[in-house]
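Asker: Sequence:
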Amino acid sequence: MDRLETINECFCKETVEEILLSLIREGRKQRLDLCMAREYLVCAHVVRGTVSNDFFEWEPSQLCQVGEEMVDKFYAELDDEDFECLQLPARLSPGTEARAKL
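Residue numbers (UniProt numbering): 1 to 102.
Careful: at least some of the hints might be erroneous.
Computed cross-link-like contacts, EDC-like style, restricted to lysine to aspartate or glutamate with a CA-CA straight-line distance of at most 16 Å [claimed, not checked]:
#	residue 1	residue 2
1	29	9
2	29	5
3	73	59
Derived from the structure by calculation, the hints contain no laboratory data.
Given the sequences, and given the hints that come with them, work out the whole structure.
Answerer: Take a look at the structure:
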């Protein structure tokens with residue numbers, strides 16, 4: 001399944017709870033190092049206020065007000081030459097993979 005199909009499959013649900021569960025299930029198919037690096041980048045945007053200056057409250061206040069452009073900003077490279085992307089050390093024993101239990 002390509003990226004757009006995956007996004008459509010995850011976000012076609014009726015409730016936010018169903019969307020989150022769908023995203024968790026999809027995340028189980030991803031490599032842990034890539035998920036952690038992506039999460040690190042999103043958190044860096046939140047803490048630095050590069051997308052929204054409202055750290056303690058949801059802005060915008062409704063999910064329907066979040067546009068594609070806003071979401072894309074969270075995954076964009078940070079405009080900071082001192083920022084380093086998360087790099088996890090290589091696994092000590094190749095071939096052993098952690099499996100999610102959800």
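Asker: Please flag the earlier hints that this structure goes against, numbers listed from lowest up.
Answerer: Checked against the structure, no hint fails, so every one of them is satisfied.
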